[in-house]
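With these hints in hand, go ahead and build the complete structure from the sequences.
Heads up: the protein sequence lines correspond to chains A and B, in order.
Reading the first sequence from the start, the letters are residues 1 to 307 in the numbering used here.
Reading the second sequence from the start, the letters are residues 308 to 520 in the numbering used here.
A hint or two may mislead.
To be verified - Derived pair list, reagent style DSS-like, types lysine-lysine, alpha-carbon separation capped at 27 Å:
id : chain 1 : residue 1 : chain 2 : residue 2
1  : B       : 382       : B       : 328
2  : B       : 430       : B       : 418
3  : B       : 362       : B       : 493
4  : B       : 490       : B       : 430
5  : B       : 382       : A       : 107
6  : A       : 42        : A       : 107
7  : B       : 490       : B       : 476
8  : B       : 490       : B       : 362
9  : B       : 476       : A       : 106
10 : A       : 42        : B       : 493
11 : B       : 354       : A       : 42
12 : B       : 362       : A       : 42
13 : B       : 362       : B       : 328
14 : B       : 362       : B       : 382
15 : B       : 490       : B       : 354
16 : A       : 88        : A       : 225
17 : A       : 42        : B       : 476
18 : A       : 42        : A       : 88
What the hints assert, rightly or not - Which chain A residues stay away from chain B? Per the calculated CB distances, all over 12 Å, these:
id : residue
19 : 22
20 : 36
21 : 51
22 : 60
23 : 197
24 : 265
25 : 286
Hints listed in this document are in silico derivations from the structure and should not be mistaken for laboratory results.
Even glycine gets a Cβ: it sits at the ideal position worked out from N, Cα and C.
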Amino acid sequence: MVQQLSLFGSINDDGYDLLISTLTTISGNPPLLYNSLCTIWKPNPSYDVENVNSRNQLVEPNRIKLSKELPFSYLIDETMAGKPLNFKILKSFTNDEIPLDYSMTKKILHDEVPQTSNSNSTNGSKNDAENVGSDVKEGENKNDEVDVDMDATSTVGNKSCSSWSLQISDIPAAGNNRSVSMQTIAETIILSSAGENSSISSLMNELGYVFEFQYLTIGVKFFMKHGLILELQKIWHIEENGNSQITNGGFLIKAYINVSRGTDIDRINYTETVLMSLKKELQGYINLSVPDRQSMDSRVAHGNLLI
Amino acid sequence: MAKSAVIFVERATPATLTELKDALSNSILSVQEPWSIDFRTYRCSIKNLPAHISKLMYSITFHHHARQTVLIKDKSAMVTTAAAADIPPALVFNGSSTGVPESIDSILSSKLSNIWLQRQLIKGDAGETLLMDGLTVRLVNLFSSTGFKGLLIELQANAPDETADFEAKISDIEAHLSEIHVKDFKTSSDSLTPDSDNYICDLAYQYVRALEF
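This is the structure we're talking about:
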């Protein structure tokens with residue numbers, strides 16, 4: 001159970017360049033381009049699921065979030081293909097258009113994953129966030145413009161497409177005078193699958209869940225001190241009848257820190273101060289605030305979307 | 308791809324393990340570190356589940372195979388991990404993963420306990436790992452909350468052997484079992500799909516086949 005402490009804000013498309021250079025100065029690190037596909041699953045509505053378990057404890061049906069990274073080749077069109085993959089490419093995404101469409105995500109969710117050997121998944125070294133960040137940074141490092149070291153030519157059936165992160169989030173902690181948003185996240189990692197129906201979609205169906213909606217995030221992130229991560233995001237709804245950008249005309253800013261144990265009160269308090277000092281540093285420029293906790297409620301009965 | 312098989316001796320006593328080890332002792336090359344296993348059965352508590360959908364799901368945690376947990380439902384398998392070191396780096400980098408995963412069992416028994424109910428937990432702790440010629444033999448006594456369950460033998464070919472060769476080695480172990488007057492056992496060397504080569508999933512499926520009562 002991870003505690004995620006976060007603050008949110010937004011800027012216009014016009015302010016992007018200035019913010020990038022400001023944040024590069026503050027963090028001392030260059031911006032790193034990333035993307036993620038999030039798919040949201042809900043308990044199958046045709047099943048009669050109760051709100052209590054066998055011990056008569058209240059367990060409200062929650063949505064499940066499955067997310068993973070996509071190869072950038074899925075996300076850029078011909079006009080961008082020649083450009084280096086760095087933070088500047090985000091400025092090309094100003095409207096609803098994104099090459100990733102519903103049929104492609106459907107393929108990702110329904111196609112059986114390529115069979116991968118399990119034995120080789122264990123030799124990975126310790127990979128904490130900073131570590132990974134530095135792996136990506138290995139490329140050219142001039143003028144704070146870093147190309148993302150991701151193979152833009154990788155094709156469908158890439159082995160990396162078989163692992164997903166599975167998360168269930170609680171509603172953020174209540175309280176009127178909260179200075180940051182605090183949310184508990186339970187997570188496990190799906191490494192691979194096998195058997196007759198081994199697509200991620202049919203595995204979720206076996207668990208009693210069905211697909212609800214999905215969104216794509218492309219953004220840049222800064223790794224800062226004290227485990228603080230700051231992200232600038234462009235978000236798209238990927239739907240059957242076309243994509244729509246939720247962040248039209250601007251960027252969503254998310255500053256967050258993960259605390260690995262919810263019982264570590266000292267760490268949580270310290271983390272809160274780190275976030276508050278970032279808020280103070282950016283005061284008057286960007287207004288970082290606590291989002292409405294209702295909008296981050298993933299319980300099914302309460303009908304809210306995650307985003 | 309290495310082959311595996313699982314033998315479950317239901318009518319055994321806790322001492323059968325030692326007896327079998329004695330019977331095998333002439334061909335043991337070395338004794339390796341102990342191993343353990345957790346085998347959980349879940350039952351779906353959805354009342355209006357269509358009749359053709361199985362209500363049972365199994366989760367097998369292999370402490371000796373990188374602590375991976377395999378979920379088996381019908382003939383599908385899903386491999387999950389709770390080890391931070393095994394998370395694909397890309398998932399941590401893009402923020403999909405917080406880097407602190409927990410086991411699928413703790414999610415099933417907390418967030419999904421309104422759908423999945425844990426029926427049984429069978430544990431095998433501190434089992435023996437014996438290295439033999441071309442074969443790793445793992446022996447463990449299984450216990451559930453009600454007491455001793457039986458002797459479990461996991462066989463793993465050390466090299467991608469020919470099927471016939473491995474079959475011969477299984478029969479060899481079975482012969483040793485007969486030698487110590489153990490007759491009632493169940494062997495499974497099935498694989499999930501005929502062309503599947505996912506070692507851990509096949510092994511988990513063999514556990515389910517051998518332990519299914």
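Next item on the list: Hints the structure violates: just list their numbers, smallest first.
Entry: 1, 8, 9, 10, 13, 15, 17, 18, 20, 21, 22, 23
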